[in-house]
Amino acid sequence: MTEPMIKLTIDGELLEVPAGTTVMKAAEKLGINIPRLCYHPDLSLEGACRVCVVQVEGFNHFIASCSQQVWEGMMVQTNSPQIRQARRDILELLLDNHPKDCQTCERDGNCELQRQAYRLGVRERLFEGKRKQYPQDESSKSVVRNPEKCILCGRCIRVCAEVQGVQNLSQHGRGFNTVVGPANLGPMDESACIQCGQCVAVCPTAAFLEKDHTERVWEALSGAAGKKHLVVHTAPAIRATIGESFGFPLGTPVTGQLVTALRRLGFDAIFDTNFGADLTVIEEGNEFLKRLNGEGPLPLLTSCSPGWINFMEKFYPEMIPLASTCKSPMQMTSTLIKTYYAERKGIDPKDIFVVAIMPCVAKKYEAARPEQLLSQGETVTDAVLTTRELAWMIKSYGIDFANLPEGEYDRPLGVSSGAGDIFGTTGGVMEAALRTVAVKLTGEELGPLVFEAVRGIVGLKEATVSIGGQEINVAVCDGLTHAKKALAYIKSGEKNYHLVEMMACPGGCIMGGGQPYPPFEMDVLDPELAKLRAKALYSVDAHKQLRRSHENPAITKLYEEYIGEPNGEKAHELLHTHYQARMPRGIR
Amino acid sequence: MSHCCQVSTDNWEDVKAKCLTALPEDIVNYIDDHKGDEHAESNLIAILHRVQRHFGYLGQEQMNAVAQLAQIPLAKVTGVATFYHLFRLQPRGKHVISVCMGTACYVKGAEKLSQRLMDELGIHYGETTKDGMFSLDNSRCLGTCGLAPVIMVDDQVYGPVTPSEITIILEKYIKQPRAAAPKAALAVQ
Numbered sequence: 348m349t350e351p352m353i354k355l356t357i358d359g360e361l362l363e364v365p366a367g368t369t370v371m372k373a374a375e376k377l378g379i380n381i382p383r384l385c386y387h388p389d390l391s392l393e394g395a396c397r398v399c400v401v402q403v404e405g406f407n408h409f410i411a412s413c414s415q416q417v418w419e420g421m422m423v424q425t426n427s428p429q430i431r432q433a434r435r436d437i438l439e440l441l442l443d444n445h446p447k448d449c450q451t452c453e454r455d456g457n458c459e460l461q462r463q464a465y466r467l468g469v470r471e472r473l474f475e476g477k478r479k480q481y482p483q484d485e486s487s488k489s490v491v492r493n494p495e496k497c498i499l500c501g502r503c504i505r506v507c508a509e510v511q512g513v514q515n516l517s518q519h520g521r522g523f524n525t526v527v528g529p530a531n532l533g534p535m536d537e538s539a540c541i542q543c544g545q546c547v548a549v550c551p552t553a554a555f556l557e558k559d560h561t562e563r564v565w566e567a568l569s570g571a572a573g574k575k576h577l578v579v580h581t582a583p584a585i586r587a588t589i590g591e592s593f594g595f596p597l598g599t600p601v602t603g604q605l606v607t608a609l610r611r612l613g614f615d616a617i618f619d620t621n622f623g624a625d626l627t628v629i630e631e632g633n634e635f636l637k638r639l640n641g642e643g644p645l646p647l648l649t650s651c652s653p654g655w656i657n658f659m660e661k662f663y664p665e666m667i668p669l670a671s672t673c674k675s676p677m678q679m680t681s682t683l684i685k686t687y688y689a690e691r692k693g694i695d696p697k698d699i700f701v702v703a704i705m706p707c708v709a710k711k712y713e714a715a716r717p718e719q720l721l722s723q724g725e726t727v728t729d730a731v732l733t734t735r736e737l738a739w740m741i742k743s744y745g746i747d748f749a750n751l752p753e754g755e756y757d758r759p760l761g762v763s764s765g766a767g768d769i770f771g772t773t774g775g776v777m778e779a780a781l782r783t784v785a786v787k788l789t790g791e792e793l794g795p796l797v798f799e800a801v802r803g804i805v806g807l808k809e810a811t812v813s814i815g816g817q818e819i820n821v822a823v824c825d826g827l828t829h830a831k832k833a834l835a836y837i838k839s840g841e842k843n844y845h846l847v848e849m850m851a852c853p854g855g856c857i858m859g860g861g862q863p864y865p866p867f868e869m870d871v872l873d874p875e876l877a878k879l880r881a882k883a884l885y886s887v888d889a890h891k892q893l894r895r896s897h898e899n900p901a902i903t904k905l906y907e908e909y910i911g912e913p914n915g916e917k918a919h920e921l922l923h924t925h926y927q928a929r930m931p932r933g934i935r
Numbered sequence: 250m251s252h253c254c255q256v257s258t259d260n261w262e263d264v265k266a267k268c269l270t271a272l273p274e275d276i277v278n279y280i281d282d283h284k285g286d287e288h289a290e291s292n293l294i295a296i297l298h299r300v301q302r303h304f305g306y307l308g309q310e311q312m313n314a315v316a317q318l319a320q321i322p323l324a325k326v327t328g329v330a331t332f333y334h335l336f337r338l339q340p341r342g343k344h345v346i347s348v349c350m351g352t353a354c355y356v357k358g359a360e361k362l363s364q365r366l367m368d369e370l371g372i373h374y375g376e377t378t379k380d381g382m383f384s385l386d387n388s389r390c391l392g393t394c395g396l397a398p399v400i401m402v403d404d405q406v407y408g409p410v411t412p413s414e415i416t417i418i419l420e421k422y423i424k425q426p427r428a429a430a431p432k433a434a435l436a437v438q
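As you go down the protein sequences, you meet chains A and B in turn.
Following my numbering, the numbering of the first sequence begins with 348 at its first residue and continues without gaps.
Following my numbering, the numbering of the second sequence begins with 250 at its first residue and continues without gaps.
None of these hints come from the bench; they were simulated from the model.
Hints are supplied without guarantee of correctness; some may be wrong.
[What the hints assert, rightly or not] Some chain A residues near chain B, calculated using beta-carbon distances under 8 angstroms: (1) 664; (2) 796; (3) 924; (4) 928.
[To be verified] In silico BS3-like pairs for lysine-lysine, Cα to Cα no more than 25 angstroms straight-line: (5) A:558 x A:488; (6) A:832 x B:265; (7) A:832 x B:361; (8) B:265 x A:838; (9) A:477 x A:447; (10) A:742 x A:558; (11) A:891 x A:904; (12) B:284 x A:831; (13) B:361 x A:477; (14) A:838 x B:284; (15) A:477 x A:488; (16) B:361 x A:479; (17) A:831 x B:265.
No residue lacks a Cβ here, since even glycine has one placed at the ideal position from N, Cα and C.
I would like the entire structure built from these sequences, with the hints used as guidance.
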């Protein structure tokens, strides 16, 4: 059935759009971008900021174009002098209740409020009055909440509820005193927050930011507190996104420049978290094959995503026995740096400083997890930089990233297969695991490489893969509302999955809470953005000689020299962990 | 789950048991009875009213219990509780003082009265003194504009009141904590 078409006029131009289209969307068809702040195409409508108002003939008040649907014969003006003045007034009022610290704000140059203020021609501050003043909440290990910078657009509330199903944020109080925050406006650390950082990603200002780790990395680089052996490793998704911060087109892999930039910053060894990803495939793959053999419960839920792990511990603690006990690739890599690598190099692990470059905000919390510390209580990962933080450090240092020669990761923890690369996108962990599982199950060295059914940005993907005569039911979830769906199926017994990949962020790590803010014309949750970034990872994978994790010679050597058997005693000591129910319990 | 776990990692029974002790049975039953409703979340305000009627205010523990038992996110519960003027988040004091902010009282200096009360009691609107003696509120017009500016302590109206008289009024209640209400008000006959 085709939608009935509606004819309307926007700025004197006649056009036809399907019924139900909003004025804002209709204007976009004419190439007119109406300014907006609270609006987000992938979230529900809020209609809070009023920046998108337009003039409609026959009405003596302005109408919010984001939420108003078109009607037959509607006459819209998007740019009359009155409407321009009204928008400017609205924005001025928002700014008057906002700190005047653009030059020193972390979002400077990348702030939607600032951008709209410039666009609408706000050139002076007319009102000096009462302004909201609240302390910053730094209690969380990952997310910093600064209510002073909040413009009450409600995007964070919506992403937390609608995309992640966490529902940890809400408006408290009313009118001038409204504050967005977790229950009771208590500390984030004591809330149901799972630290995925999607609130940071969608915030138009700096009301939510990641916890800063750049200071401690600068300090380590300077050697001020005693020279340490500085090791860095970079997550699979970084190579696909950091180029965006330096003018590369979306979806351009920049692995080589990334390595060189890190070397210029002064790191002594540059490894690849992909190595940890390959190792995860071996450990998790073995765990899976064991469970498939009846030794342990099914389905196996993957454990790479710290946002998902936090979610499981707070919202679905009864699912803990299903989760893989594997540490994440970041923690595996860091652990090996402070054990295997340290021993080989003859360096005391206390003299090694490990920095992980992650697309993720929750990794900052994961690094500090008490159950993942070394025997003497030291962290294995000493600092976690988000992609944004690293991009800023590179710029701050003055490195001309775009024109750098391409460098190579160091050995041995910099050697990785293409399976490791695709860990950064939804479906990638599954595909990587299946590549190895297929070989192990059939005994044929050349098993299938591409599992198209688990690729793509669709939320919950399900497939049945036939390997060596065995039917394996897999599910891939990205975005925790989709994980909720899969968990409900598992609980009710409606679906009989064997292996389920869980990633907290919609699209996977490439769309993580620590990734670069997208360019002006794109939105943070845009599936097109996810597709472009994923394409970069699939192309890196396709161009590699090694495509399966167990083919990685550095991994084989690691088992021979150091770990012994996958899932063996030493493997459990170094590469596995455990989980526990955590409070407060989240509402599903 | 095809093969289930031996050791339960679920904490729901513990969480639930704790919540059940935080609320009286009739409220728990009310929550249960309405759980299956279409738009069950819209019962939140009705539940909170019942909690406030029973306890006199909405305590953290009670709100948390409501959230878990009704399966409504705690942030939403506290968001609603802080939005509505009539929900109280602190226990009420023995005596409730209300400053009239109607136009007449405002013009005649209600602001000064409220400042004096805040200074004397060390609390803001909506709060209760540490000793549990007084709560401070403001109100719209009390309908006694002829006596402006007025304050009300429990059911007793005082007016016109000057800031220095605030101390005298408070004294009465501090000195006679058990008395139902002082016999004579300042100017109201």
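Problem set entry | Restraint check, 8 angstroms cut-off on beta carbons, for residue 928 of chain A near chain B | 4 angstroms, holds
For this session: Could you grab the alpha-carbon distance between residue 891 of chain A and residue 904 of chain A and see if it respects the 25 angstroms cut-off?
Result: Measuring from Cα to Cα gives roughly 20 angstroms; hence the hint holds.
Exercise. Should the hint that residue 796 of chain A touches chain B count as held when the rule is a Cβ pair under 8 angstroms?
Worked result: Interface hint status for residue 796 of chain A: violated (29 angstroms vs cutoff 8 angstroms).
For this session: Compare the distance between the alpha carbons of residue 477 of chain A and residue 488 of chain A with 25 angstroms, and conclude whether the hinted pair is satisfied.
Result: 32 angstroms, violated
Problem set entry | Holds or violated: residue 361 of chain B to residue 477 of chain A, with C-alpha atoms at most 25 angstroms apart | It holds: about 20 angstroms lies between the C-alpha atoms, which stays within 25 angstroms.
Exercise. Does residue 479 of chain A lie within 25 angstroms of residue 361 of chain B when you go C-alpha to C-alpha?
Worked result: 23 angstroms, holds
For this session: Starting from residue 558 of chain A, check that the Cα of residue 488 of chain A is at most 25 angstroms away, please.
Result: 7 angstroms, holds
Exercise. Keeping to a limit of 25 angstroms between CA atoms, is the pair of residue 838 of chain A and residue 284 of chain B held or broken?
Worked result: 20 angstroms, holds
Exercise. Can the restraint linking residue 831 of chain A and residue 265 of chain B be considered satisfied, given a maximum Cα separation of 25 angstroms?
Worked result: Roughly 21 angstroms between the alpha carbons, so the hint for residue 831 of chain A and residue 265 of chain B holds.
For this session: Mind checking the alpha carbons of residue 832 of chain A and residue 361 of chain B for me, to see if they're no more than 25 angstroms apart?
Result: 57 angstroms, violated
Exercise. Is residue 284 of chain B close enough to residue 831 of chain A, meaning Cα to Cα at most 25 angstroms?
Worked result: This hinted pair holds, its Cα atoms lying about 20 angstroms apart.
Exercise. Does the nearest C-beta of chain B fall within a distance shorter than 8 angstroms of the C-beta of residue 924 of chain A?
Worked result: Hint violated; residue 924 of chain A Cβ to chain B Cβ min 14 angstroms, cut 8 angstroms.
Going through the hint list in order, the structure does not satisfy hints 2, 3, 7, 15.
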